[in-house]
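Undergrad: Order-wise, the sequence lines are chains A and B. First residue of the first sequence? That's 1 in my numbering, and the numbers climb one at a time after it. First residue of the second sequence? That's 1001 in my numbering, and the numbers climb one at a time after it.
Simulated from the structure, these hints should not be mistaken for laboratory data. There's no promise every hint is true.
Claimed, not checked - Counterexamples of contact, computed for chain B against chain A with all Cβ distances above 12 Å:
{"hint": "1", "residue": "G1031"}
{"hint": "2", "residue": "E1041"}
{"hint": "3", "residue": "T1051"}
{"hint": "4", "residue": "V1097"}
{"hint": "5", "residue": "A1102"}
{"hint": "6", "residue": "T1118"}
{"hint": "7", "residue": "R1200"}
What the hints assert, rightly or not - Under 10 Å between C-beta atoms, here's a sample of chain A residues computed to sit facing chain B:
{"hint": "8", "residue": "S22"}
{"hint": "9", "residue": "R52"}
{"hint": "10", "residue": "L56"}
{"hint": "11", "residue": "W119"}
If you're wondering where the values come from, they're calculated on a predicted model, not measured in any experiment. For each residue, glycine too, the CB sits at the ideal point set by N, CA and C.
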Amino acid sequence: MMVRVEGMNAYDEERDAALLASLRDVWEERDAPPSDLTERMIASVAVDDVSREYALLTPVTALEGAVRSEQSRLTLQFSDDATSVLLHVSATESGGRRVDGWSDPPVLAARLAQDAHEWAADLGDEGRFAFAEVPAGLSTVRLIVRMDGELREFITPQFEV
Amino acid sequence: MPEGRHAPRPEEAAPGARAPGQGEDESSAAGEPPRWQQAAELFGRWRAGETRAMDDLVRLMTPTLWHMARAYGLSPSAAEDVVQTTWLTFVRKHDSVLDPTAVSAWLTVTARREAWRTSRVDSRSNAMEDERLEPRLPTHRSAEDEAVEAVASEGLWHAVEQLDERCRRLLRIVAFDDRPDYRRIAADLRMPIGSIGPTRGRCLAKLRALIVGHGEEAGA
């Protein structure tokens, strides 16, 4: 098979560029990224940025409770006009906390923050998300949802996990 | 991955040289600036305090990073993880990108390294695993174009699928990297720098032979 790199002329170069462009088209067509990948990536980068304008969610339930034992479980609910967030806090075997969340509209990315530490949520289906193991302590959750075709940032008030 | 069959000839491709035909205006078919330049501009705006410019940068570069990751034969879910890791690494380390015009290269190199690492850890990663189950982005072409090109595209795709893995990987990387840095690509692919140009040429020649064998030149 011929290798025509040495002494490649303009015609060869154009031909190669055209073939590479066709290749790009065919890959774009046949192996495009999942349709929502870009949006999820935007959200996961955005939620990292604390300087964005997060709308404060209002607690629907009292925030005074706390999980004291492995048996106890705390449910917190937050909302604003169009967004609803539920958090279930439970104790883990190692003495930490597990936070299972659900949001409507479905969450695209979420973080739980305590002082200088942050944890990214594992996302599930239909708005579910979870922080598998975080220490007990005062926390806030930031999350990003899509509403009316746009990403919207929300943050909960501080609560005890 | 050593280049076995073709000894590098120094005169063929200078280290770091841009490939013939790989102009910087590769992606500017619609008259817009090349992707690396758009990325540089968005990154600059974000650094200047325009929060939403980051959203646009992620929107611009995510499909390219996906193709970089998929070039390594990763499953769709593993490729997604690579793309996400790339972005989160970028968020942590963006201070290390001193020159905004290097931001696109920084991202593609990071994605390739992460993909390479992942493909080694998960050498059994099966590219067909959850293939075609995910909804795909719609293609942006007119109906007539689509009908005419479908045949050519079928031939080209068939040829691509018959290429060996190394050729497929290299061609996918250079096809989607609008400013390929051959020195880095060589390092990422574990190939001698001097052999990238010739290998690329040979892979394209193989592809042409396969297309001709299939009876279509696929508009190339």
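Undergrad: Hint by hint, where does the structure go against what was stated? Just the numbers, ascending.
TA: 3, 7, 10, 11
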